[in-house]
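One line per chain: the protein sequences are A and B, in this order. The working numbering numbers the first residue of the first sequence as 1 and each following residue consecutively. The working numbering numbers the first residue of the second sequence as 201 and each following residue consecutively.
For the record, the hints were derived by calculation from the structure and aren't laboratory data. Hints should not be assumed to be uniformly reliable.
Derived BS3-like pairs: lysine-lysine, alpha-carbon spacing no greater than 30 Å straight-line [what the hints assert, rightly or not]:
| id | chain 1 | residue 1 | chain 2 | residue 2 |
| --- | --- | --- | --- | --- |
| 1 | B | Lys389 | B | Lys328 |
| 2 | B | Lys262 | A | Lys128 |
| 3 | A | Lys189 | A | Lys128 |
| 4 | A | Lys128 | B | Lys328 |
| 5 | B | Lys328 | A | Lys62 |
Number of protein chains: 2
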Amino acid sequence: MRLWQNPASPFARKVRIVARETGLLPRIEEIAVMVSPVSPNADLAAHNPLVKIPALQMDDGKVIYDSTVICEYLDTLHTGVQVIPSDATRWEALRLQALCNGILEAAVLCRYEGFVRPEAYRWDGWVKGQFAKIRNGLDALASEAPAWGARFGIGQIGAACVLGYLDYRFANENWRSRAALASWYETVKDRASVVATMPA
Amino acid sequence: MRLWQNPASPFARKVRIVARETGLLPRIEEIAVMVSPVSPNADLAAHNPLVKIPALQMDDGKVIYDSTVICEYLDTLHTGVQVIPSDATRWEALRLQALCNGILEAAVLCRYEGFVRPEAYRWDGWVKGQFAKIRNGLDALASEAPAWGARFGIGQIGAACVLGYLDYRFANENWRSRAALASWYETVKDRASVVATMPA
Chain A
1 MRLWQNPASP FARKVRIVAR ETGLLPRIEE IAVMVSPVSP NADLAAHNPL VKIPALQMDD
61 GKVIYDSTVI CEYLDTLHTG VQVIPSDATR WEALRLQALC NGILEAAVLC RYEGFVRPEA
121 YRWDGWVKGQ FAKIRNGLDA LASEAPAWGA RFGIGQIGAA CVLGYLDYRF ANENWRSRAA
181 LASWYETVKD RASVVATMPA
Chain B
201 MRLWQNPASP FARKVRIVAR ETGLLPRIEE IAVMVSPVSP NADLAAHNPL VKIPALQMDD
261 GKVIYDSTVI CEYLDTLHTG VQVIPSDATR WEALRLQALC NGILEAAVLC RYEGFVRPEA
321 YRWDGWVKGQ FAKIRNGLDA LASEAPAWGA RFGIGQIGAA CVLGYLDYRF ANENWRSRAA
381 LASWYETVKD RASVVATMPA
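Kindly generate the complete structure, drawing on both the sequences and the hints.
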């Protein structure tokens, strides 16, 4: 399989952590591409009309996206612990993944506002609105984290990607003021899958 | 169950069409709320930290989101034709849903750019980049539509929401120039679920 990704993309990172947690990495070629909403990549565009990463070419040649679809697909290819449960806890896991995706979408929009959009067109009201979502989301993660225990499923993988992305792009955002979240992150940050995919 | 939604939201519409197609509407109270990225809604915020619609409160009181999670959950509550297949065609259906979600995300960002952001801070480069995704996506839908036949699963429901949203918010965008897509839409636009949820 071929995975279009970039080490800076938190959505691609989610897939790359799943690939490592499930032992599937040897079957996946990770192809690094640079994309932004205003500078598309021709190779990727031929496989994903949205020109977004991650995208995965399966062994049959077909391409799937987005990160949630790829993670669920990969989860069917191994016999270890499921990343996405099939039992009654599925909805809680998928909701937590969606919460993390939403925080990341808000953070990526803020990144674009500050680094892609020309300075004259930046609007503080937009960044404030997105940061309200980020901080409400972090409050929710902090309230939920104590119940996670040692579980490292799709929701927790998403949370690790959220916190890693904030450290990487918004180092001044003091998310560690939420003690429950900070202490949970300490329990996962040294996992091999997390270390190997840390944005540099 | 309670569904936070708004008739103008294409993501909420996806859920509302699924509720009608699967016969679940009598079990769902649809609650209309107004939200924008810069004016959150307190009732919704108490249930979804991202303050986004749609969000669904299940009968056990727990709340799930986003639209993809809600649609999959609803699909487990009925015994009719599955909206999201469980067989090998699942990945194609979920990829098509993700394509439609991506087109809608780009369109909604353009809507915010043109109607939420103050005029002085609007940037043509952003709208151009998002419209490239919308049009690439529409080209892909047009190339795929002839193979859909009479199927009206999650991917086709997403496509109907894309086309309805463009008519509603971007009526000058001539997506019907893609004949295959225009003729497919004619086959679904009069379905009861589509008519009942058409944004006005």
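We went through each hint and held it up to the structure:
no. : hint                : verdict
1   : Lys389/B x Lys328/B : holds, 29 Å
2   : Lys262/B x Lys128/A : holds, 28 Å
3   : Lys189/A x Lys128/A : holds, 29 Å
4   : Lys128/A x Lys328/B : holds, 24 Å
5   : Lys328/B x Lys62/A  : holds, 28 Å
Comparing the model with each numbered hint stated earlier shows that all of them hold.
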